[in-house]
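Novice: Take the position in the sequence shown, starting the count at 1, then add 378; the result is the number in our numbering.
Don't take each hint at face value.
Mimicking BS3-like on lysine-lysine, the simulated pairs with C-alpha atoms at most 25 Å apart in a straight line are [said to hold, decoys possible]:
1. K611 <-> K486
2. K490 <-> K611
3. K611 <-> K569
Cβ-Cβ distance ranges computed for the label pairs, FRET-style [unchecked claim]:
4. N534 <-> K569: 41 to 51 Å
5. E557 <-> L633: 33 to 43 Å
6. W469 <-> P537: 46 to 56 Å
7. L633 <-> T613: 11 to 21 Å
8. V417 <-> W493: 31 to 41 Å
9. V710 <-> R639: 28 to 38 Å
10. T492 <-> P537: 19 to 29 Å
11. P537 <-> L633: 27 to 37 Å
12. L708 <-> L543: 49 to 59 Å
13. M392 <-> A636: 52 to 62 Å
14. A640 <-> P398: 55 to 65 Å
15. V417 <-> S541: 11 to 21 Å
16. P398 <-> I495: 19 to 29 Å
Rather than coming from a laboratory, the hints here were simulated on the basis of the structure. Glycine is no exception: its CB is placed at the ideal position from the N, C-alpha and C atoms.
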Amino acid sequence: ERLGGVITDELQLMAFAADPAPSMYDVVSLLRNATWVCVGDASVCSVDASLIPLSDSGYQRIRAQGNVSSLASFVTRVVAHFGGQVVDVSWLRSAGQSSATLAGLVAKLESKPTWAIWDAASACESEPRSGLAGSTAVSLSIEYACLHMNEFNCENIPPQCSSSLWDAADYALSVYALEHKGDPLPSCYFKGALMFSRPRAQHAAGAPLCVVTSDPLTTPLTDEGYQAVIAQKSTTSTASFIRRFARERLAAAVLDEAALRALAAEPPASLFDLEVLLPQASWLDIGALGGGDDYEVATATNADDLLSWRLWAFVALGAVVVIAILASVLHVLCRSTSAERAKVRARPAAAVAVAKSALPDDGLFIQAVSERAIV
Numbered sequence: 379e380r381l382g383g384v385i386t387d388e389l390q391l392m393a394f395a396a397d398p399a400p401s402m403y404d405v406v407s408l409l410r411n412a413t414w415v416c417v418g419d420a421s422v423c424s425v426d427a428s429l430i431p432l433s434d435s436g437y438q439r440i441r442a443q444g445n446v447s448s449l450a451s452f453v454t455r456v457v458a459h460f461g462g463q464v465v466d467v468s469w470l471r472s473a474g475q476s477s478a479t480l481a482g483l484v485a486k487l488e489s490k491p492t493w494a495i496w497d498a499a500s501a502c503e504s505e506p507r508s509g510l511a512g513s514t515a516v517s518l519s520i521e522y523a524c525l526h527m528n529e530f531n532c533e534n535i536p537p538q539c540s541s542s543l544w545d546a547a548d549y550a551l552s553v554y555a556l557e558h559k560g561d562p563l564p565s566c567y568f569k570g571a572l573m574f575s576r577p578r579a580q581h582a583a584g585a586p587l588c589v590v591t592s593d594p595l596t597t598p599l600t601d602e603g604y605q606a607v608i609a610q611k612s613t614t615s616t617a618s619f620i621r622r623f624a625r626e627r628l629a630a631a632v633l634d635e636a637a638l639r640a641l642a643a644e645p646p647a648s649l650f651d652l653e654v655l656l657p658q659a660s661w662l663d664i665g666a667l668g669g670g671d672d673y674e675v676a677t678a679t680n681a682d683d684l685l686s687w688r689l690w691a692f693v694a695l696g697a698v699v700v701i702a703i704l705a706s707v708l709h710v711l712c713r714s715t716s717a718e719r720a721k722v723r724a725r726p727a728a729a730v731a732v733a734k735s736a737l738p739d740d741g742l743f744i745q746a747v748s749e750r751a752i753v
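Model the full assembly from the supplied sequences, consistent with the hints where possible.
Specialist: In C-alpha cells form, the structure reads like this:
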C-alpha cells in the first residue's frame, strides 16, 4: 500500500519477517531494494495467481497483467473459497473480466451461479494455507470474530491455542458460533479481502484441541468448552467432560460412578468452580493415573490458593464496608461538635447585647464593668 509494490517471493518475505528491520525507515529502505518486491507499474510485476492474497489489491494486480489464465486461476480460488467447483470455464473467465472489483465478484458468487457446483457446508471453511495468502485471510477472520463477540474476550484465548494463528482462529470462530446459536460469521468478505467464517474441519495428529464444540471428548478443557457441554443439559455428556478433565488435569481416577453422575446432574456454574471442587472430592483418586503424591499435593495447594483468594476477597470487601461506616459516623460527630461550638461562641455576644440594651446612654463605666463581668 505504501510503495505500490507486490511480493514476488513468499519464502523471502517470511525470512525477512523472521528477522525484521529495527525501524519503519529501515523497512522502507530495504523493501525498495529487495529483489523479491516489485515496486512500480503492476503490469510489469510478475504475480503468481495461486499465491497472491485473495484481496481486492491482489485482484487488481492480476487484472492489470491482462493474462486471462492468471485471472481464471485467481477466480477459481475465490470460487473454491465459497465452497464451489467450476464446471464451465467460459463463464468463469467472463465473471472475472466483467467484475471491476473483488466485491463485485463476491456479489456474483453469492448468488450461486450455475457454472459451478456449490457445497454450502464447506463454504468459507478455514483451511491451512502457506504464506501471505493464508495469514491474511485467517487474521481477518480472528479480527472480525473478536469484534463481534457478545461475551468472550479474545485476550482469553488459552495459551495452547494462541501460539498459532490457525489455532487461534479455530478457537475464536468456534466461540463466535457458540455465542450465535451455531451460526458461522455472516460473511466471507471483510475489509476488501476474503476471510474464513468457520474453523478447520480436520486437524493434524497431535495438534491442540482448539475448536469449541458440545462434544465432551474433543472440546477444549476451558470454560468455553465446559459451557458448550453443560448447555446441552445432558448428564451423560457432562459426566464425560468431568471424567476427562479429572483424568487430564488431575491424573485422577473415578472411584464412584454414582457420585460422578450426581455432580454431572447438577454441575457447577463455571469451570473455575469445578476446578475448586474436584480436588476435594472423596470419589476421586488424585494422581492415580500418573501424577503421584507430588501431583496431589500440588493440586491441593492450588485449590487452597483458590479458596484463599476468595477468602481474602471477602475480607477486603468487609474492610471497605467497615471503613465506610466509620467514616460516616465520624462525619456526623464532627458536624454535631461544630454546631455546639458555634452555639457556645454565640452566648457571650448575646449576653453583652442584652446588657447594653438595659443601660442608660451615659452609663459608660457601668457598661464596661458589666461587659467584663459577663465575659
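Novice: Indicate, hint by hint, whether the structure satisfies it.
Specialist: For each hint, the structure was consulted:
1. K611 <-> K486: violated, 43 Å
2. K490 <-> K611: Status violated; Cα separation ~38 Å.
3. K611 <-> K569: violated, 39 Å
4. N534 <-> K569: 41 to 51 Å: Once the Cβ atoms are compared, 24 Å apart, the range 41 to 51 Å for K569 and N534 is violated.
5. E557 <-> L633: 33 to 43 Å: holds, 37 Å
6. W469 <-> P537: 46 to 56 Å: Given a distance of about 48 Å, which is inside 46 to 56 Å, the answer is holds.
7. L633 <-> T613: 11 to 21 Å: Taking Cβ atoms as reference, L633 and T613 lie about 19 Å apart, which means the hint holds.
8. V417 <-> W493: 31 to 41 Å: holds, 37 Å
9. V710 <-> R639: 28 to 38 Å: Check failed, 57 Å falls outside 28 to 38 Å.
10. T492 <-> P537: 19 to 29 Å: Violated - the Cβ-Cβ distance for T492 and P537, about 47 Å, lies outside 19 to 29 Å.
11. P537 <-> L633: 27 to 37 Å: holds, 31 Å
12. L708 <-> L543: 49 to 59 Å: The hinted range 49 to 59 Å holds for L708 and L543, with Cβ atoms some 58 Å apart.
13. M392 <-> A636: 52 to 62 Å: holds, 56 Å
14. A640 <-> P398: 55 to 65 Å: For P398 against A640, whose Cβ atoms are near 56 Å apart, the range 55 to 65 Å holds.
15. V417 <-> S541: 11 to 21 Å: violated, 34 Å
16. P398 <-> I495: 19 to 29 Å: Given about 43 Å between the Cβ atoms, the range is violated.
The earlier numbered hints that this structure contradicts are 1, 2, 3, 4, 9, 10, 15 and 16.
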